[in-house]
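One-letter residues, chain by chain:
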Amino acid sequence: MALNLKLTEKQPLTLTNRLKLTLVFVLFTLLSANSFAHTDSISHESSHEKTTTDTSAAQDHNDHTEATHEDHKPKFDAGEMIIHHISDAHEIHFFTLNEGKENEKHASIYLPVIIKNESGFHVFNASHFYHNKKDITVNGKHMHYYEHDGFIMFEEKIYEAGDTHPVFFDSEGKITNASVLDLSPTKSVVGMFITILLLVLLFGSAARKYKSNPNKAPSGLQGFLEPLVLFLRDEVIIPAMGPKHATRFMPFLLTTFFFIWFANILGMIPFIGGFNIMGTLGVTIVLATIVFIKTTLNGKAYYWTHIFWPHGVPLPIKFILVPIEIISIFMKPLVLMIRLTANMTAGHIIFMALTALIFIFGQQSAVAGYSIGIGSAAFMVFMYFIELLVAFLQAYVFTLLAASYFGSALEEPHH
Amino acid sequence: MEFLAIFLQTVVSEGTGLAALGAGVAAVGAGIGVGRIGGSALESIARQPESSGEIRANMIVAAALVEGVALFAIIICLLVVLK
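Top to bottom, those sequences are chains A and B. Following this note's numbering, the numbering of the first sequence begins with 313 at its first residue and continues without gaps. Following this note's numbering, the numbering of the second sequence begins with 11 at its first residue and continues without gaps.
Excised from the complex, chain A in its bound form:
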């Protein structure tokens, strides 16, 4: 298949040409991503900081006994593993070779870190963090943090390193370093860009087909997208806000639906780094805020009088109803956000917990691990089917409720 993409003459963007361009782009991305994926070893000989706070002074003798266990692989911590896999990170971590041994190698794509504090912007590769791991014991608990160039990263949050000691913990074990403004593109941001690229490619090619030949019967990709779009328009959007306003809000609602759906599906693909895009509150709060802004800006007079001075309601009940309605202006988008985040995170926690079960049993004996593994894997396959449904359902419910909120803002008084 010759890549016949002469740039001198105007080439019509046929489907085959677009496919070739896409293939070139994907190959280029994969190759360049490979060059960014470092397989370096974590240096365990970096200083094991034995900083203890005042409250754990009594446990000094514990540290001495614990020092002899430094070389063994730490006991498997299911909670930490689960939290680590559902949180956002500054790397896309694929796998670890020789975990716990001396020549531990991580295969990840390290994302850039962009920080702003009083002294301006700092940009560097996150590999500087991840290759500079420091251990610390706080209140008897072993934790680790990463340090580079006057900043520390603890539990994937970046803080400024202290002057005397890098990390400061208060008596309850909470970190008290000064925080910085973290603007880095994290794993969820990369995931969002992948979703955007997928949306643009799919819908762009389908739209081009419709534009070039409007009266042709749908075929190929159109056959997949057209029933979905029509279903959303006819069963969700038009019943919510009537045919008059539907065309105005359809772009946003359709984009929201497919963005959430594809992002959820992307999060369920294994072995590509474990994205949890809709499980990060930062993403869903933006979607919910946009829904809130659109309802507020498009609210008609009937919508506002319905909230602040409802018609046909006795006065004492008005005093109860109006505060509830005012709170619900803010609660409705908030619950949208929490519903989406919680459902996606809960699904990922279920998968991680089933996986952690294998490792917990495997610590006792290898046979127990393997036998649990068979049952766990079977149950995980079953849960995957449910989570596929949940991925679609949460996108559908978000779009349905957003359409219903827009519809109630645009409602005409019916009398």
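It should be emphasised that the hints constitute simulated quantities derived from the structure, not laboratory data. Backbone N, C-alpha and C fix where the C-beta goes; we use that ideal spot for every residue, glycine too.
Simulated coverage check for chain A against chain B, where a stretch passes if three residues somewhere in it have a Cβ under 8 Å from a Cβ of chain B:
no., segment
1, 643-654
2, 705-712
Here chain A is said to cover these stretches of chain B; the calculated rule only asks that three of the stretch's residues, wherever they fall, bring their Cβ under 8 Å from a Cβ of chain A:
no., segment
3, 62-75
4, 81-92
We have chain A already, so just place chain B on it with the hints.
Below, chain B alone, put in the same frame as chain A:
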């Protein structure tokens, strides 16, 4: 009385036990809610089998909304355990 004082003090200062209880109660709430939705959906399908498709769609939507509230409680319990 002693025991009650010690128990309450432990539970309130380190809330993980109560949080686990809260998660269990949230699961009971979700179970009751979705159970009622499923029950009435099945009754309506029994009354009018030809509208089973519509009823199924509405049942799934209502179940998602009820689950949202239960998961809100789960998130709070998770935050208590982890912070």
